[in-house]
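**Student:** Sequence:
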Amino acid sequence: MRALSEVELLALYNETRKAASAAREAHDMEALYPLARGMKTIQRIAGERGLVIRARRLAKASDA
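Number 19 in the working numbering belongs to position 19 of the sequence shown; there are no gaps in the numbering.
Hints are supplied without guarantee of correctness; some may be wrong.
Have a look at the derived ranges for each label pair, beta carbon to beta carbon [to be verified]:
| id | residue 1 | residue 2 | range |
| --- | --- | --- | --- |
| 1 | Gly-47 | Lys-18 | 13 to 23 Å |
| 2 | Pro-34 | Ala-11 | 13 to 23 Å |
| 3 | Ala-36 | Ala-11 | 24 to 34 Å |
| 4 | His-27 | Val-7 | 12 to 22 Å |
| 5 | Ala-3 | Val-52 | 14 to 24 Å |
| 6 | Asn-14 | Glu-48 | 14 to 24 Å |
| 7 | His-27 | Arg-49 | 33 to 43 Å |
| 8 | His-27 | Ala-3 | 29 to 39 Å |
| 9 | Leu-4 | Ala-36 | 15 to 25 Å |
| 10 | Glu-15 | Arg-49 | 16 to 26 Å |
| 11 | His-27 | Ser-5 | 26 to 36 Å |
| 12 | His-27 | Gly-50 | 35 to 45 Å |
Worth flagging that the hints you see were computed from the coordinates, not collected in a lab.
By construction, the Cβ of each residue, glycine as well, lies at the ideal position given by its N, Cα and C atoms.
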């Protein structure tokens, strides 16, 4: 993950976040836990580069 560009890292974070949201809605805690840890790892790597990835609420498909 450390070799990814900033754009790729942000894309990976967004993809992981969407998967975590889906797991949470499905009440699949076994899938949610590693996804949440992965998001924190991505945030930490971004922080080492001086980037801040802020957690924000995702828009639901019904909200769009």
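**Student:** Are any of the numbered hints broken by this structure? If so, which, sorted upward?
**Tutor:** Hints 3 and 4 are the ones this structure does not satisfy, whereas the remaining hints hold.
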